[in-house]
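A.B. asks: Given the structure of chain H, go ahead and fit chain F onto it with the hints provided.
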Amino acid sequence: MNLLLSTEEWIALKLSATVAFWCVVTIMLPGIAVAWLLARKQFWGKMIVDALVHLPLVLPPVVTGYSLLVLFGSRGVIGQWLKESFGLDLAFTWKAAVMASAVMAFPLLVRTVRLSLELVDRRLEEAAMTLGANRAWTFLTITLPLASPGILAGLILAFARSLGEFGATVTFAGNTEGETRTLPLAVYTYAQSLEGDEAALRLVGISILFSLGALMISERLARSLKRLLSTSEDGR
Amino acid sequence: MLELDLLFRRGHFSLELSERLEERVIGLFGRSGVGKTTLLHLIGGLLKPSEGRIAIDQTVLYDSRAAINLAPHRRGVGIVFQEDRLFPHLSVEGNLRFARRFGRTSKHSFSVSDMVELLELGPLLRRRPKYLSGGERQRVMLARTLVSHPRLILMDEPLAALDQRLKGQILPFFRRVIKEAQVPVVYISHDLSELLRLTSSLLILDNGRALGRGSYTDLALEGPLLESAVPTGLLNVVPVEVVAHEPGLGCTRLQWAPEDGRLRSPDQVELRGPLIDYNVRQRLSVAIRPEDVAIATQSISGISFQNQLRGRIRRFSESGGTFIVEVDVGFPMLVEVSSGSFERLGLAAGQSVYCLLKANAISTLP
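Residue numbers (this note's numbering), protein chains in the order written: chain H, -13 to 222; chain F, 35 to 400.
Bound-form chain H, shown alone (with noise of 0.2 Å):
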């Protein structure tokens, strides 16, 4: 068998990480703005916003690919506004990937976050607070340095999910190579043809190593991270 990738492979893989990494950026700075409010703020349909945000976790893939499809299609309710003011063509381009993919691991993101804000001990920023430095502050030196194992973990862990989409970025964006096909549209597209048994096993083998090296660095971090912060010697 020959371990060495085709030119295809290569282009999937590269197309894989560059959604993947569009994907936490988009979703970074929402992402912790959301689990801010919820860890933090009690407000009118707290449990609505709750419960959507948390929604693509439970719904089936195709499901919430093709609501994306829906709205945002050339048809749809966005979709005809957003061509007809700015020209803009989402479904069915590499864009479109980066959203599915982003609406799949926002979930995960905010759960992870929402954690380590609650698990920020409030007392410090009380302190950093009689200290003179206003919410502002206090968030951006003591809350979201405390909080970053957590939100580490919650990038991360939206980075792997991006890679490993696929229902929704099948329905949403399609599987054209070099565009939309992303690993596991590759790994599923060569495994449905006659002779890409040997290319989409070199692809799950990649995808393996991949995601170990994503969780094995993350562990890495994580664990680090905490020692730092840890009040206690022993503490972890």
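The hints are simulated quantities; they were obtained by calculation from the structure and are not laboratory data.
DSSO-like mimics (lysine-lysine), calculated; alpha carbons at most 27 Å apart, straight line:
(1) H/27 to F/82
(2) H/81 to H/69
(3) H/212 to F/164
(4) F/82 to H/32
(5) H/0 to H/81
(6) H/27 to H/212
Computed list of chain H residues with no C-beta within reach of chain F, every gap over 10 Å:
(7) 34
(8) 73
(9) 177
(10) 180
(11) 194
Note that the Cβ used here is the ideal one computed from N, Cα and C, for glycine as well.
C.D. replies: Positioned in the frame of chain H, the structure of chain F alone reads:
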């Protein structure tokens, strides 16, 4: 001046207070659960009163009628918390710089290096809080609060989590800072001996109400007032300096040494305490329980008591069959006398008496 006019309700607990505190250092005394920490959170803006007014000098921090409620970061109220609230992700120096960066600016104020010197923090600067001992943490918290240049400093039982020995090591730092700081300090504690070593102006809190306010001796003579708040009884806390050790007599000679630098003379009151492990000229505080002191109307020879302090009765009060008598022996000494003895001796204000106590009645405060 700290102006408090407060009403705060939460569940069954209510706190109601109307005080104008002019003393620079005030000891807020009360058992746990009487609302001391709540009061402090109200002043610091971490809790909102139901109604009332809080002001420091001309600055209004809270006024329900004028709809003023300054956010905690704009109040300039520094709090030295009881438990460790150092920022774990910053070094000691980082913690201090944080306070300097966000704190107020003022003319006479401590710089980071002033505090490092005053509290001997040099060797700790690069360490993270988790590598500090309990006592070191409290010192850094104290420094951090001062570096932020607060208008008012609230100290919430900062030594409560430390053991007796450590308390003795840290307390002098607090005393030093309180002396140097130009701003009002409210020191909260349920430990009378700790409070009395920092100030004699007390505000007694019980069940969300002020039970009494004034100098310690005044409050002690208002009898039941203080007793109800002091489950452990009254205490004389006397600052002294070691004069000499007398191993032959089994005692250490101590001389009364007031903090405020009143001139000391050779004939200043001398006490004989048990042999203690302090150097000559070293200063410390000793505690004497009023019930361990006896009163005699004349000097007595042929008695084993090592201390006979001559003094004059200034005033007294009775509660529950015992008299609390204040005798001026150079410093005010509270003495507990049963009403039987009080009448038998015919004690009266202005009378010259002797206070008798054994060396062992004098205990050092750590």
